[in-house]
Amino acid sequence: MQLVTLTAPDGHRERWDFKTTYLALLSWYSYLDNPDDGKKPSSIAQRISKFVGNDIKLVHMMLTYLDGFNGDLYSKLSMLTHNSTESTVRLFFIMKSINNTDYLPHSKQKERQRQKTIERINQITNNDPETLKRLTELTKLFVNGQLHYSNMEG
Numbered sequence: 759m760q761l762v763t764l765t766a767p768d769g770h771r772e773r774w775d776f777k778t779t780y781l782a783l784l785s786w787y788s789y790l791d792n793p794d795d796g797k798k799p800s801s802i803a804q805r806i807s808k809f810v811g812n813d814i815k816l817v818h819m820m821l822t823y824l825d826g827f828n829g830d831l832y833s834k835l836s837m838l839t840h841n842s843t844e845s846t847v848r849l850f851f852i853m854k855s856i857n858n859t860d861y862l863p864h865s866k867q868k869e870r871q872r873q874k875t876i877e878r879i880n881q882i883t884n885n886d887p888e889t890l891k892r893l894t895e896l897t898k899l900f901v902n903g904q905l906h907y908s909n910m911e912g
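Remember, my numbering sits 758 above the position in the sequence shown when you count from 1.
Simulated from the structure, these hints should not be mistaken for lab results.
Glycine included, each C-beta is placed from N, C-alpha and C at the ideal position.
Errors might be hidden in some of the hints.
Claimed, not checked - Now the in silico label distances, taken between C-beta atoms and shown as ranges:
| # | residue 1 | residue 2 | range |
| --- | --- | --- | --- |
| 1 | Lys868 | Glu772 | 44 to 50 angstroms |
| 2 | His840 | Asn885 | 37 to 43 angstroms |
| 3 | Phe776 | Lys815 | 18 to 24 angstroms |
| 4 | Lys854 | Gly769 | 35 to 41 angstroms |
| 5 | Ser801 | Lys874 | 47 to 53 angstroms |
| 6 | Asp791 | His840 | 32 to 38 angstroms |
| 7 | Lys868 | Arg771 | 16 to 22 angstroms |
| 8 | Glu877 | Glu772 | 42 to 48 angstroms |
| 9 | Glu772 | Lys854 | 35 to 41 angstroms |
| 10 | Thr765 | Thr839 | 49 to 55 angstroms |
| 11 | Gly796 | Thr765 | 42 to 48 angstroms |
| 12 | Ser801 | Gly903 | 29 to 35 angstroms |
| 13 | Asp768 | Phe851 | 36 to 42 angstroms |
Unchecked claim - Here are the simulated BS3-like cross-link-like pairs (lysine-lysine), alpha carbons at most 27 angstroms apart as the crow flies:
| # | residue 1 | residue 2 |
| --- | --- | --- |
| 14 | Lys854 | Lys898 |
| 15 | Lys808 | Lys777 |
| 16 | Lys854 | Lys874 |
| 17 | Lys868 | Lys815 |
| 18 | Lys808 | Lys868 |
| 19 | Lys868 | Lys891 |
| 20 | Lys797 | Lys808 |
| 21 | Lys868 | Lys854 |
| 22 | Lys815 | Lys874 |
| 23 | Lys891 | Lys854 |
| 24 | Lys874 | Lys898 |
Make the full structure from the sequences, and use the hints.
Shown next, in the form of C-alpha cells:
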C-alpha cells in the first residue's frame, strides 16, 4: 500500500493511504470549486483541509501531483525528457498544441522537429487523449516551477 505523508501548518503529521488522500483532495477540491451549492464538505474533505488549507490552486496542484502516480505519468514524462535536447517548456507547448486547431507553424525545419516530438508523445501516451491531458497538466507543474525534481528527492 502506498502511503502519503500529510503535514499540517502546525507541524502535525499523518500518513494516509494514497487512494484515500486522492479521493479526499478530490472531494475538497469539488467543495472549494463550488462552495455556494449548499452542500457541506464530506468529513474526509474537512479532515484533509486541515493539511492543505483552502487555496483551490494548491489543492489542484496536489491533485495533479498525486495523479501523476496513476498511470505512471512520471515515468512517461521522464521518457519524453530523458536524453533529449528538448526543454520541458517546449515539450509542454508542443503537448498543448496537439489537436489544437489554433496552432500556427513557424518554420518547416521546426515543424519537422515538432512532428517528431508529437510522434514520441503519441507513442508514449498510446494516442490516448486523456493520458495526454493528464501528462500536460503534470508537465505544467514543472514548467510553472511548482514541482521540480529536487523537491521530490528523499
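Here is how each hint holds up against the structure:
For lysine 868 and glutamate 772, the hinted distance range of 44 to 50 angstroms is satisfied, since their beta carbons lie about 49 angstroms from each other. For histidine 840 and asparagine 885, the hinted distance range of 37 to 43 angstroms is not satisfied, since their beta carbons lie about 21 angstroms from each other. Checked against the hint of 18 to 24 angstroms, the C-beta distance between phenylalanine 776 and lysine 815 comes to roughly 22 angstroms, which is consistent with it. Roughly 39 angstroms separates the CB atoms of lysine 854 and glycine 769, a value that falls within the hinted 35 to 41 angstroms.
Restraint check, serine 801 to lysine 874: a C-beta distance of roughly 50 angstroms satisfies the suggested window 47 to 53 angstroms. Roughly 35 angstroms separates the CB atoms of aspartate 791 and histidine 840, a value that falls within the hinted 32 to 38 angstroms. Taken as a hint, the range 16 to 22 angstroms is violated for the pair lysine 868 and arginine 771, whose Cβ atoms sit roughly 48 angstroms apart. Remark: the range hint 42 to 48 angstroms for glutamate 877 to glutamate 772 is upheld by a beta-carbon distance near 44 angstroms.
A hinted range of 35 to 41 angstroms holds for the C-beta pair glutamate 772 and lysine 854, which are about 36 angstroms apart. Range check, threonine 765 to threonine 839: Cβ separation about 29 angstroms, and the 49 to 55 angstroms hint is violated. For the hinted restraint 42 to 48 angstroms between glycine 796 and threonine 765, the CB-CB distance of approximately 32 angstroms leaves it violated. Separation of serine 801 from glycine 903 is about 34 angstroms and conforms to the stated range, judged on CB atoms against 29 to 35 angstroms.
Checked against the hint of 36 to 42 angstroms, the pair aspartate 768 and phenylalanine 851 passes, with Cβ atoms roughly 40 angstroms apart. Of the pairs offered as hints, the one joining lysine 854 and lysine 898 holds, with about 10 angstroms between alpha carbons and a cut-off of 27 angstroms not exceeded. Using a Cα cut-off of 27 angstroms, the hinted pair lysine 808 and lysine 777 holds, with the two alpha carbons roughly 18 angstroms apart. Proximity of lysine 854 to lysine 874 is assessed by CA-CA distance (about 15 angstroms); at most 27 angstroms being required, the pair is judged to hold.
As the CA atoms of lysine 868 and lysine 815 are separated by approximately 34 angstroms, the hinted pair breaks the 27 angstroms bound. Of the pairs offered as hints, the one joining lysine 808 and lysine 868 is violated, with about 48 angstroms between alpha carbons and a cut-off of 27 angstroms exceeded. With a CA separation close to 23 angstroms, the supplied pair lysine 868 and lysine 891 stays within the 27 angstroms bound. Our distance criterion of 27 angstroms between C-alpha atoms is met by lysine 797 and lysine 808, whose separation comes to about 19 angstroms.
A threshold of 27 angstroms between alpha carbons decides the hint, and for lysine 868 with lysine 854 the separation of about 16 angstroms falls inside it, so the pair holds. Taken as a hint, the lysine 815 and lysine 874 pair is broken in the structure, with Cα atoms around 33 angstroms apart against an allowance of 27 angstroms. Distance restraint check for lysine 891 and lysine 854: the Cα-Cα separation of roughly 8 angstroms lies within the 27 angstroms cut-off, and the hinted pair is therefore satisfied. Taking the CA atoms of lysine 874 and lysine 898, the gap is near 21 angstroms; set against the 27 angstroms cutoff, the hint holds.
Hint compliance for this structure: hints 2, 7, 10, 11, 17, 18 and 22 are broken, all remaining hints hold.
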